[in-house]
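**Q** All chains should be built: construct the whole structure from the sequences, respecting the hints.
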Amino acid sequence: MADFNVSSRVNGDVCIIDVQGYLDAHTAPLLENEFNKLIDKGIYKVVVNFSNLDYISSAGLGVFMAYVETMREKNGDIKFSNLKKEVYSIFDLLGFPVLYEFFKDEEEAVKKFG
Amino acid sequence: MKTGKQDIIKNEYTIPASTDSLKDVREIIETACAKYKISKKTVYEITLAVDEACTNIIKHAYHNSSDKQINISLTVSEKLFEIKLTDTGEHFDPSKIPNPDIRESQKQKKGGGLGVFLMKKIMDEVKYKTIGNKNELTLIKKLM
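Protein chains in written order, with my numbering: chain C, 97 to 210; chain Z, 20 to 163.
The hints are simulated quantities; they were obtained by calculation from the structure and are not laboratory data.
A quick note: this is a predicted structure, and the numbers were derived from the prediction, not measured.
For each residue, glycine too, the CB sits at the ideal point set by N, CA and C.
It is possible that some hints are incorrect.
[Stated by the list, open to error] PhoX-like, lysine-lysine: derived pairs with alpha carbons at most 25 angstroms apart: (1) Z:K78 x Z:K140; (2) Z:K140 x C:K181; (3) Z:K128 x C:K137; (4) Z:K29 x Z:K129; (5) Z:K59 x Z:K42; (6) C:K137 x Z:K129; (7) Z:K160 x Z:K59; (8) Z:K59 x C:K180; (9) Z:K60 x C:K181; (10) Z:K160 x C:K180; (11) Z:K54 x Z:K128; (12) Z:K128 x C:K133.
[Stated by the list, open to error] Examples of chain C residues toward chain Z, derived with CB under 8 angstroms: (13) L157; (14) A162; (15) F187; (16) P193; (17) G210.
**A** See the structure below:
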């Protein structure tokens, strides 16, 4: 199995990015590519579903920091759902919960876009 | 479990300075920690701190030249986790790196600068010194 996989799907007018495995400095460029593809298509409402993500390092967190402003400028956002406890604790350690919305499940995050 | 000198793990490794090696670094840490009763959360955090340290060496000391190497010297006991990372790249002193301002970085659409902060936040001690052309970074976490 690959160390990391990323894919996108549509839920209403929101795009869901599914991340799986280990997101580190080696694999973060794959996530950047995914965000670039969405921006090229004019999609700015994004929920990242973390249910299959086992590990994240600062390189992964940095991708969200680099793209969230672009999404918000276009009335979109990046919201997070289904994080495992250990993964959430890293976001928490850095103070991300003040700056991003986290949800227990994907549907809740999608609904928040209204 | 009885403790004593025989229960101390001491290992040395040399890895290529490439982000492709990060998965091997994580495996080294997880394998060593698995021999002790260390909580899943602590193992996760230590693994992350070492990943961040190696990533910084790869990117900032060696500027992604993957023909370079990082030497790892690992000592783990029931009480202490200690790892020493040595490289011959550009000097990179983590204590000189300011704490990140995530809100400001986001405005500037920048993603970096979090690794050193995480390393310092997770570990009990982060020590850096230069010996000749070598950089030596030591990370210590008390386990009990």
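**Q** Would you mind marking each hint as holding or not holding in the structure?
**A** Verification of the supplied hints:
{"no.": "1", "hint": "Z:K78 x Z:K140", "verdict": "21 angstroms, holds"}
{"no.": "2", "hint": "Z:K140 x C:K181", "verdict": "18 angstroms, holds"}
{"no.": "3", "hint": "Z:K128 x C:K137", "verdict": "19 angstroms, holds"}
{"no.": "4", "hint": "Z:K29 x Z:K129", "verdict": "39 angstroms, violated"}
{"no.": "5", "hint": "Z:K59 x Z:K42", "verdict": "17 angstroms, holds"}
{"no.": "6", "hint": "C:K137 x Z:K129", "verdict": "22 angstroms, holds"}
{"no.": "7", "hint": "Z:K160 x Z:K59", "verdict": "14 angstroms, holds"}
{"no.": "8", "hint": "Z:K59 x C:K180", "verdict": "12 angstroms, holds"}
{"no.": "9", "hint": "Z:K60 x C:K181", "verdict": "9 angstroms, holds"}
{"no.": "10", "hint": "Z:K160 x C:K180", "verdict": "24 angstroms, holds"}
{"no.": "11", "hint": "Z:K54 x Z:K128", "verdict": "42 angstroms, violated"}
{"no.": "12", "hint": "Z:K128 x C:K133", "verdict": "17 angstroms, holds"}
{"no.": "13", "hint": "L157", "verdict": "6 angstroms, holds"}
{"no.": "14", "hint": "A162", "verdict": "4 angstroms, holds"}
{"no.": "15", "hint": "F187", "verdict": "11 angstroms, violated"}
{"no.": "16", "hint": "P193", "verdict": "11 angstroms, violated"}
{"no.": "17", "hint": "G210", "verdict": "23 angstroms, violated"}
The earlier numbered hints that this structure contradicts are 4, 11, 15, 16 and 17.
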